[in-house]
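Using the hints provided, position chain B relative to the given structure of chain A.
If you read the sequences in order, they're chains A and B.
According to our numbering, the first sequence holds residues 17 to 129 in order.
According to our numbering, the second sequence holds residues 17 to 129 in order.
Simulated from the structure, these hints should not be mistaken for laboratory data.
The model shown is predicted, which means the values in this text are computed figures rather than measured ones.
It is possible that part of the hints are untrue.
It does not matter which identical chain is meant; a pair holds if it fits inside one copy or across any two.
[Unchecked claim] In the EDC-like style, the derived pairs of lysine to aspartate or glutamate whose C-alpha atoms are separated by at most 16 Å in a straight line are:
# : residue 1 : residue 2
1 : Lys69     : Glu86
2 : Lys80     : Glu102
3 : Lys52     : Glu102
4 : Lys52     : Glu20
Protein chains: 2
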Amino acid sequence: MSREPNTVFIGRKPAMNYVLAVITILSSGSKEVTLKARGRAITTAVDVAEITKRRFMESLSVSKIQLGTEQLEMQEGGTRAVSSIEITLTTEARPKEEAKATQEVPAPLPTEA
Amino acid sequence: MSREPNTVFIGRKPAMNYVLAVITILSSGSKEVTLKARGRAITTAVDVAEITKRRFMESLSVSKIQLGTEQLEMQEGGTRAVSSIEITLTTEARPKEEAKATQEVPAPLPTEA
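In isolation and in its complexed conformation, chain A is listed as follows (with noise of 0.2 Å):
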């Protein structure tokens, strides 16, 4: 699914699409995920943390987080920083069996600002 294991690259879909791959890794046995994030997919990355903790997992914690930046190539040349975000999420547990009639539970979702 991405090319390191247990890892979630956040990019531009909706969280609900990285909350789905998180629960994925989660359900086939790892205890830990880790969501890698970029730019305004920070945001995103916080949200997924957020979401899969409160709806699907109230188990799952977060063990560490970890800020840096980033040198991104630029196609007119030279390089641009950017600013990155590492959540590892850490589980005892398996996810809960109403992640699976999430329907009946509409909690609201956090959206953007």
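This is chain B only, laid out in the frame that chain A set:
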């Protein structure tokens, strides 16, 4: 400057405005500053932390990051969930002298992806 001491609320202004606020607080003798942001401003908060650390105060470190979800009242009625972040920066030293001469060291700024 804000309701809570040593706290900078990150909004829609350019990151450098908030970097200046952080440096002002740390220069007045405080050892700790907390950045608070929600929604899209989360990305700006990470930019502020990274720019302050890399360009102005290399002794600065991220001592704590807390993710959360806040319920916002909507004008139309009801509430909406929005993700939030609190980044605590801690220093043991005063701002570098170079902070006054940034024009001479035009390091690239994190910008939006």
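**OP:** Quick one: which hint numbers does this structure break? Sort them smallest to largest.
**Re:** none
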